[in-house]
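Q: As a plain string of letters, each chain reads:
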Amino acid sequence: MNVLASIRIALRALRINKLRSALTMLGIIIGVAAVITMIAVGSGAQSRIEEQIKGLGTNLIILMPGSSTSGGVRMGAGSRNTLTEEDGYAIQRDVPAVQASAPTLRGTGQVVGGSGNWSTVFYGVTPEYFEARNWVIAQGKGFDAADIAGSTKVALLGDTVARNLFGDTDPVGQVIRIRKVPFTVIGTLDKKGQSLMGQDQDDVILMPISTARNRVLGQGAGRQRTVGSVSIKIRDDEDMKEAEAQIRELMRQRHRIQQDREDDFTLRNLSEVLATREESSRIMGLLLAAVASVSLLVGGIGIMNIMLVSVTERTREIGLRMAVGARGRDILTQFLVEAITLALIGGLLGIALGVGGSLAIGRFVGWPVQLGIEPVVLAVGFAAAIGIFFGFYPARKASRLLPIEALRYE
Amino acid sequence: MSTPLITTHDLAKSYALGGFTVQALRGVSVEINAGEFVAVMGPSGSGKSTFMNLLGCLDTPSSGEYLLAGDRVSGLDSDALASIRNRRIGFVFQSFNLLPRTSALENIALPLLYCGVAGEERNRRATARLAEVGLADRGHHHPAQLSGGQQQRVAIARALVNDPVLILADEPTGALDTQTSCEVMALLQQLNAQGMTVVLVTHEHDIAGFAKRVITFRDGRVVEDHVVEQPKDAAALALQLRAEQIGDEVRSDGVRA
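Respectively, the protein sequence lines represent chains H and U. Numbering-wise (the numbering used here), the first sequence opens with residue 1 and increments by one. Numbering-wise (the numbering used here), the second sequence opens with residue 1 and increments by one.
Hints listed in this document are in silico derivations from the structure and should not be mistaken for laboratory results. Note that the Cβ used here is the ideal one computed from N, Cα and C, for glycine as well.
Examples of chain U residues toward chain H, derived with CB under 8 Å:
id: 1; residue: ASP59
id: 2; residue: SER78
id: 3; residue: ASP79
id: 4; residue: SER83
id: 5; residue: ARG85
id: 6; residue: PHE91
id: 7; residue: ASN97
id: 8; residue: LEU110
id: 9; residue: PRO111
id: 10; residue: LEU113
My request is simple: use the sequences and hints to build the entire structure.
A: Here it is in structure tokens:
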């Protein structure tokens, strides 16, 4: 007896008990749909984090000033102005593992330009900053060493700032005032979206570090050129831990910190933080999928239950089939195919429901969802496996009936 | 005559039933030749059904031997028995045992499904058999749409479809009225006339009267085995019954008119 004939017999048997077949399938439908939806939600969350990692830049270390102590009270990180622009340049120069090191000054202020005004954050940076933080220039151009040397009043606008000031018109070439200082917009930045903490990373203006210091923040020339932080990107093929140790060593030397004293700066490996977040979201996704697959298991038990009932109900049919020449394995195949068919049809409907459900969650709840081919294949495979696993026992029971007893069964 | 089609030697069967051992068959030795039409008779509990099940390879004997066309059957495994049931024996049951919600043609083709005959060929052979039992136009009817007599004829077509050497009929007329019983018996007689060996289990003397030989069982043993000198002609009897029925209808119509 070939498989096609078995499938036809199975479909006929399932049609005879439509409601029962449908209810049995429901377990599998819900299970498969739950697995697909959970995986979609889980991998959606994961891919959002991956995007954030991409936006932040890979292999990123942030160097910040250390804490200060005032009358026994320790202030938080960054409360001392121990970090200088020169530290940033020295790291670039003396640590070979460093790809880009960008000292950064931060300020806030009211910006006027175009048809509106907007309060935002501006950063005084060096050209290395773009590389270190993965900023891509969308329109116009960036600034170079000459702009740093000349404290040129040029600025690049983040997407949010550009939209708030200029709407849909092109801001490049326009003049804006930052804290009343006129600047020429020379470019706009590509969108980055939200940061890990939910901050809008596009609400930003970048300008040469010297311009920020001399023209906007108004720190005098003679003073030590302190900075708020240094963004350091490590080369792909270098070990992060080792690079971090080298930077620490260099900084201790530069700040003349003695052996037994604490660092006066803080090094933060942001990529590591993100990697941890990614890992935890991956585990969360796995957990969700595991919980969902429990419902698949329950669905499978439903199939087994119904198949057992079916075998009992159709004992006479089994007897007749045996009387006209069906062997044990023919009967086994018949009931196994029936269980698999039940599971597979349920699986396919479950996929439809799961995909639909995922899209609905993405649209109406607003969670990021990501549908892949793998969970679908996995779900179908799982459904078929459930059919085989839970169908086997009833099918074997049927195949072991004695023909004469099956025929006489009332 | 060379080897008998069926030879049983001291065939016995006992069941364990609730702690007791029931001796259903206590040593039966019978020979049936090809082309015979045998009726197996006896009251219920006489062992005739058990004997039938053993002949049909639906059950295995506790002891004794059974040879079908010279081949030893006792001691074969279940797959080999299934193959014998499939290719060499055709069954006709009292309750027809057709698959519900399945067309007559598919019911007839069922044995072919289990010996690997392709779909086209299955259909061709089933159609031919259906025509032989006079139901050529009912191929796509489901059992529920057929009368009892028609269902039994479909069952006979199914028994014949794989060209068996033996037809085993277990009370084939038990669920039918006299007229239809005669028609079914006529069909079996016709098959026997064409050379088919038929073994029939019945407890009705009328039905046994259509066979050429009657073996009577009692308490698990053969108590009588005789040849029927002049078997009744079922076809003629069916015609006669029909004529009477039509006569009755004409008369009652006349009365009503």
